[in-house]
Amino acid sequence: MSFILRDTRYNGGPSLIFDNVVFLAPVNRAPVFTSAAALTVSQNDTGTHTLTATDADSDALTYAVVGSWPAWATLAADVITLAPGVDITPADYALTVSVYDGVATVEQVITVTVALAFWGYVPPINRIVRFF
Amino acid sequence: MHIVEQDKNAVSNYWLDYSVVVGAGLTVDSVALDPDGALAGITVVSKGLNPSELTDSSGNTYPVGTVLGVCIQGGTLGERYALLSRVTSESAEIDDRTLFIDIVDK
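The listed protein sequences correspond, in order, to chains D and B. Under the working numbering, the residues of the first sequence are numbered 1 to 132, in order. Under the working numbering, the residues of the second sequence are numbered 1 to 106, in order.
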């Protein structure tokens, strides 16, 4: 694309001709997660975690689940609810979330540690170790 | 000597009953697995004392703070691991007990 910049104060005045002009769209700055990437919740318990992120352009942010999450983990708006039952194996689980500012999407992997609830259910007698 | 067998892929819970040893008012000082560091690859996922009276599947009851729950995972097939637990009572008595865990392929 080309355009001409003309000084209109003078008829036939000097003009500047620009060739091969490229108009650049405003540069979007991607959001950045600020909420924790490591959480712990016990079996037979419920925990919530609010996602937060900053955006240098002050864009509205939306959060979403990426991939498949276990059934005991859900996301509503910006709040993750964790409710592992006693049947969930104590371990680390990776939950991926994304934040979208209307242009860019950024992902974060959250490591959720499900801790054993020793008192969430009745221990089988064969797992009781007696010391004398 | 307390020995249990655990599958190499298992994540297992054990409840260590200290009610006879120390009685009520137990507090955990530490739970150390393989304290000499000679063996690797097995971990304590979580641990803690019972915050309320516990009843096992046979109906036995255990007072608050007398059962140490430990969750173990990992380990190398054929190895024996020593789960050393050290507890301190309210009267500052310290007691160590060891649970040996044989990693097997069940």
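Check each hint, because a few of them may be wrong.
As the list claims (entries may be wrong) - Quick partial rundown of chain B residues pointing at chain D, CB under 10 Å, derived from the structure: (1) Val4; (2) Lys8; (3) Val11; (4) Leu16; (5) Gly48.
Unchecked claim - Here are some, though not all, of the chain B residues that point toward chain D, as calculated from beta-carbon distances under 7 Å: (6) Asn9; (7) Val21; (8) Ser46; (9) Arg86; (10) Asp96; (11) Thr98; (12) Leu99.
Hints were generated in silico from the structure; no laboratory data involved. Built from N, CA and C at the ideal position, the CB exists for glycine as well.
Thr98 of chain B as an interface hint toward chain D, with CB separation required under 7 Å: Not OK, violated: Thr98 of chain B not within 7 Å of chain D, min 9 Å.
Status of the Val4 of chain B interface restraint (C-beta, 10 Å, chain D): Holds. Min distance 7 Å.
Residue hint Val21 of chain B, partner chain D, criterion CB-CB below 7 Å: With a minimum Cβ separation of about 5 Å from chain D (threshold 7 Å), the hint on Val21 of chain B holds.
Chain D contact restraint on Gly48 of chain B - CB to CB distance below 10 Å: holds, 6 Å
Restraint outcome when Leu16 of chain B is required to lie within 10 Å of chain D by C-beta distance: Check passed: Cβ of Leu16 of chain B comes within 5 Å of chain D, closer than 10 Å.
Per-residue hint verdict: Ser46 of chain B, partner chain D, C-beta under 7 Å: Cβ of Ser46 of chain B sits 4 Å from chain D, so the hint holds.
Residue hint Arg86 of chain B, partner chain D, criterion CB-CB below 7 Å: violated, 12 Å
Supplied contact hint for Leu99 of chain B, tested at 7 Å Cβ to chain D: holds, 6 Å
Proposed interface contact between Asp96 of chain B and chain D, which counts if any beta carbon pair is under 7 Å: This interface hint is violated because 10 Å lies over the 7 Å limit.
Hint status (Cβ of Lys8 of chain B to nearest Cβ of chain D, threshold 10 Å): violated, 15 Å
Hint check: 10 Å Cβ-Cβ cutoff, Val11 of chain B to chain D: holds, 5 Å
Status of the hint placing Asn9 of chain B at chain D (closest C-beta pair under 7 Å): violated, 11 Å
The structure shown violates the earlier hints numbered 2, 6, 9, 10, 11.
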